[in-house]
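Based on these hints, arrange chain B on the given structure of chain A.
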Amino acid sequence: MSIRDIHWFRFASPPNFYHLAGRLWPYFAALAAVLTLVGLWIGFFVAPIDAQQGQGYRIIFVHVPTSQMSMLIYLVMAGWAAWGLAFNTRLSGMMAAALAPTGALFAFLSLVTGSLWGKPMWGTWWVWDARLTSELILFFLYLGFMALQASIDDPRRADKACAILAVVGAVNVPIIYFSVYWWNTLHQGASVTLKGASMATPMLVGMLIMVLAFWMYAIAVALLRVRTIILDRERHTEWVKHAME
Amino acid sequence: MSANLSSMDTIEVMRAIVRREVAMAMRQKGEVLTPLMFFAVVSSLFPLAVGSDSALLLRMAPGVIWVGALLAAMLSLARMFASDHADGSLEQMALSPTPLGLTALAKALAHFLVSGLPLVLIAPILGLQYGLDARGLGILMLTLLLGAPTLSLIGAIGAALTLGVRGAGVLLSLLVLPLYIPVLIFGAGAVEADAAGLGISAHFSLLAAMLALAGFFAPLATSAALRISVE
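As you go down the protein sequences, you meet chains A and B in turn.
Count the first sequence with our numbering and you get residues 1 to 245, in order.
Count the second sequence with our numbering and you get residues 1001 to 1231, in order.
Don't take every hint at face value.
Stated by the list, open to error - Selected chain B positions facing chain A (in silico; Cβ < 10 angstroms):
(1) 1158
(2) 1171
(3) 1183
(4) 1189
(5) 1206
Source of the hints: derived by calculation from the structure; they are not laboratory data.
Cβ coordinates follow ideal geometry from the N, Cα and C atoms, glycine included.
Excised from the complex, chain A in its bound form:
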């Protein structure tokens, strides 16, 4: 069967997607585990000691992927939300709801690993740097999304309301980023900038592998979570009783 013969819209139906997600998530989880092991091995044993930061820089292998994923997941979430608003598909809202906790987790981890890194390098847990501040605001946006989702009882209404919030948030993220950036540079010169691409190859490879590993993790967890959301919302239907047997 070629890929053209697959009727893609079949998977927009929650029962079908439930089974598809059930088949797919173990692969993503396995990939995530393998890639994490390889990435951490490169990060701890292959990558050289940094000339300026010594061993301490090695948290980069967790910090950079978490930051990237936290921003990417918000966009993916807003994309699902917009899709759900435009085509009125039930599954889109469930996907957005399933992604939000993972995105919030990554944003939180990015802040935590950042401050753990900041303490030995800059001598402080927190600076009001543009990047840090906008990551914090992104974390607040995730919290707002999850709080709105939790406080509306009707799941369809919750999905639609959250979809509008996610789209409004996605429009605002660049505005917030640039205003925070400008606010910061008004007060003081940029105190911290990453060194850009001036990085040894093993470091870069390790980091890219960790980014891939976190992608796989995020997909696996989102699929698992969307499965429970589907079961929860469809618990009165025949197919769920069937699937649970």
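Relative to the frame of chain A, chain B by itself:
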């Protein structure tokens, strides 16, 4: 009402909505005055908390007054659609031939007139307590005047989303405050930049740009959110 509503009629409807909102606010003066008192009390708490060092207070003034105004304007947001939602007039508005987005725009404008404008007017008094000079007070008022309508427009989205939701008040602040940050930065930043001898035209341009953006997009998002609430 005829189906092919002319633009003149639409403007009449919007004016009627603004007039109605303002008239209703004037009949319940407490609701207009409470946020003002809140604003005054919050601004007076800061010197008590950080001490009366006048140099420090002068540096803090724009930020404190902007945050106070932002919180005070947020207090009255929940009321924007609540009573219309409760008595069913919101559904009539959604069904009426006037586009719901324009109704939302009129509501946001009324919210600015009733909640935002009084804050702009008493801000200089609070600024005086912090030792701002006439120039600083003028810039503070102008930034509030440009920023407060944006706050009302963005706040309308939050008010529409949390309509009839459990714990709407606190939830509303969680949704709306992160979106207020750019306005806060440039609003408070303008006074500070001027005090530091830097140009402030960029701040005003950005505040105006945000107002223009919010003026176009926020009513669309608000009307979409309102339709979900009255579904």
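Going down the list of hints, with the structure as the test:
1. Here the hint on residue 1158(B) is kept, as its CB sits about 8 angstroms from the closest CB of chain A, short of 10 angstroms.
2. A distance limit of 10 angstroms between C-beta atoms decides the matter here; for residue 1171(B) the minimum to chain A is near 6 angstroms, and the interface restraint holds.
3. Taken as an interface hint, residue 1183(B) checks out: its beta carbon lies about 9 angstroms from the nearest beta carbon of chain A, inside 10 angstroms.
4. Interface restraint check for residue 1189(B): the shortest CB-CB distance to chain A comes to about 6 angstroms, inside 10 angstroms, so the restraint holds.
5. The interface hint given for residue 1206(B) is met, as the beta carbon of that residue sits about 8 angstroms from the closest beta carbon of chain A, less than 10 angstroms.
Consistency note: the structure conflicts with none of the earlier hints.
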